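Undergrad: Spelled out, the chains give:
Number of protein chains: 2
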Amino acid sequence: MSGYSHSPPGYGYGYGYGSASPPANPHKNQAGRGGYPAPAPSYGSLFAALVPSVFPPGTDPEIIACFQLADQDSSGFIDDKEMQRALSSYNQRFSLRTVHLLMYLFTRTNTRKIGPKEFAALFYSLKSWRGAFERFDRDRSGFIDANELRDALLSLGFAVSPVVLELLVYKFGKTGGKKRAIEYDKFIECCLTVKGLTEKFKEKDKAYTGVGTFTYEEFMLTVLPFLIA
Amino acid sequence: MSGYSHSPPGYGYGYGYGSASPPANPHKNQAGRGGYPAPAPSYGSLFAALVPSVFPPGTDPEIIACFQLADQDSSGFIDDKEMQRALSSYNQRFSLRTVHLLMYLFTRTNTRKIGPKEFAALFYSLKSWRGAFERFDRDRSGFIDANELRDALLSLGFAVSPVVLELLVYKFGKTGGKKRAIEYDKFIECCLTVKGLTEKFKEKDKAYTGVGTFTYEEFMLTVLPFLIA
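Protein chains in written order, with the numbering used here: chain A, 16 to 244; chain F, 16 to 244.
Hints are computed from structural coordinates only; laboratory data are not their basis.
Worth double-checking, as some hints may not be accurate.
Identical chains blur together in the list; that is why a pair holds if it fits in one copy or across any two.
SDA-like, lysine to any residue: derived pairs with alpha carbons at most 20 Å apart [to be verified]:
1) K186 to F62
2) K186 to F241
3) K128 to V226
4) K186 to L207
5) K186 to L111
6) K128 to H115
7) K194 to A80
8) K221 to D86
9) K142 to L61
10) K189 to P71
11) K128 to T190
12) K96 to K186
13) K128 to A85
Note that the structure is a prediction, hence the values are computed from the model and not measured.
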């Protein structure tokens, strides 16, 4: 399992997210596969230039090849449309909105460019999320329903309450017949949103009390990047 | 000036929004024109049925006629597409996304239906925002730039910092030539977002300290409704 997830995941509505006790080392997954970059959460960096990076040692050659093919001018960065094309050749088709959200969450900048290190982390996370989606889409319909979404999020380390779950399905689901169901692209957008907001909240709740305090400025700068571009 | 705005608007970055001192009576604008409905901010009501309402005494007959024309089955409610059509006949053309955000913020439910009282409040607010847009679009280009957006938001009672302003222009602006500019539909979406998020924050900062405390559940339920539907 990749990403910044709790192991084992807790399920406390009273607390609200993940495990009630902090992981022994929240960065333990970051050294190798499935690592999620954690740049300093400086709000001033929202429009800062992305720092050049290299692939971490041991990166899957498939990922390196995928990046290099997309980076046609060998600048060391790929942009949003290049990333959309690169991922689609690996059966990961996303709207530009989802690509923008991916880029924002893995670079923590609004530059809409991504370098090798962040791209590798993103690629591993997508692989893990694709796995979760396929595992919980038991009837292989290409859609998951509310209960399956709850279980999939839980397997990724995010415990959401029934009200939040209902809102997620409402926001990310399509109405098919009587009930709403979520397809793969929207599932990824949903995972990114829950993961991103939860991490932003945790920055304000370092002691895992379940309560976070924001100034108005912090609140606005936390929320606005998740809105439609 | 309509809506839940401070008078006179303050401009304190340190504090972050509106006037540094609470208005004597924050509900003073709600009795008559330009009033903004303030249903109880209960998170349980997100999916509750919308309560039937009637037009407040003294409502402009034009607004009543507009609503009744749209409410073809005389149910007392109009839905998202009916509202989109009704507003467009008054030169207020919006994407369905903006219509959904309008409906959410003026009903505080996700029912995507709106009744007479909420429709009247919404109509008055739009009139006021249209006025602000036209006042600040000095060259009548149909677009406003970052400085004009800052002044327009300020005239509506919302003081945003330079970093928040930059993010708003980035999110809601289109790139035209070298600089980003915001057209009317996106300006309304921007106003709704700033207004909605600011009001949500104020619910957590009733003493106007500039700091708000959220549980994880409250944080998620505050932010998610503003995401794309």
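Undergrad: Is it within a copy, between copies, both, or neither that the alpha carbon of K186 lies no farther than 20 Å from that of L111?
TA: both (17 Å within a copy, 14 Å between copies)
Undergrad: Give the relationship of K128 and V226 under a CA distance limit of 20 Å: within one copy only, between copies only, both, or neither.
TA: neither (33 Å within a copy, 33 Å between copies)
Undergrad: Between copies, within a copy, both or neither: which fits K186 and F241 at Cα up to 20 Å?
TA: So K186 and F241 pass the 20 Å test inside a copy (13 Å) and across (10 Å) alike.
Undergrad: Is the C-alpha distance from K189 to P71 at most 20 Å within one copy, between copies, in both cases, or in neither?
TA: neither (38 Å within a copy, 36 Å between copies)
Undergrad: Under a CA distance limit of 20 Å, which applies to K96 and K186: within one copy, between copies, both, or neither?
TA: Answer is between; shortest inter-copy Cα gap is 18 Å, intra-copy 25 Å.
Undergrad: First find the shortest C-alpha distance between K221 and D86 inside one copy, then the shortest across copies, and answer within, between, both or neither for a cut-off of 20 Å.
TA: neither (38 Å within a copy, 51 Å between copies)
Undergrad: With identical chains, the pair K128 and T190 could be close in the same copy or across copies; at 20 Å between alpha carbons, which is it: within, between, both, or neither?
TA: between (34 Å within a copy, 17 Å between copies)
Undergrad: Using 20 Å as the alpha carbon limit, work out where K186 and L207 are close: within a copy, between copies, both or neither.
TA: both (13 Å within a copy, 18 Å between copies)
Undergrad: Within, between, both or neither: how does the pair K142, L61 come out at a Cα-Cα threshold of 20 Å?
TA: Cα proximity of K142 and L61: none, with 27 Å in one copy and 34 Å across.
Undergrad: Taking 20 Å as the upper bound on the Cα-Cα distance, should K128 and A85 be classified as within, between, both, or neither?
TA: within (12 Å within a copy, 45 Å between copies)
Undergrad: If the cutoff is 20 Å on CA atoms, where do K186 and F62 land: within, between, both or neither? Let me know, please.
TA: between (28 Å within a copy, 12 Å between copies)
Undergrad: As a check of your reading, is K128 near H115 (CA-CA no more than 20 Å) within one copy, between copies, both or neither?
TA: within (9 Å within a copy, 31 Å between copies)
Of the hints listed earlier, those the structure fails to meet are numbers 3, 7, 8, 9 and 10, in rising order.
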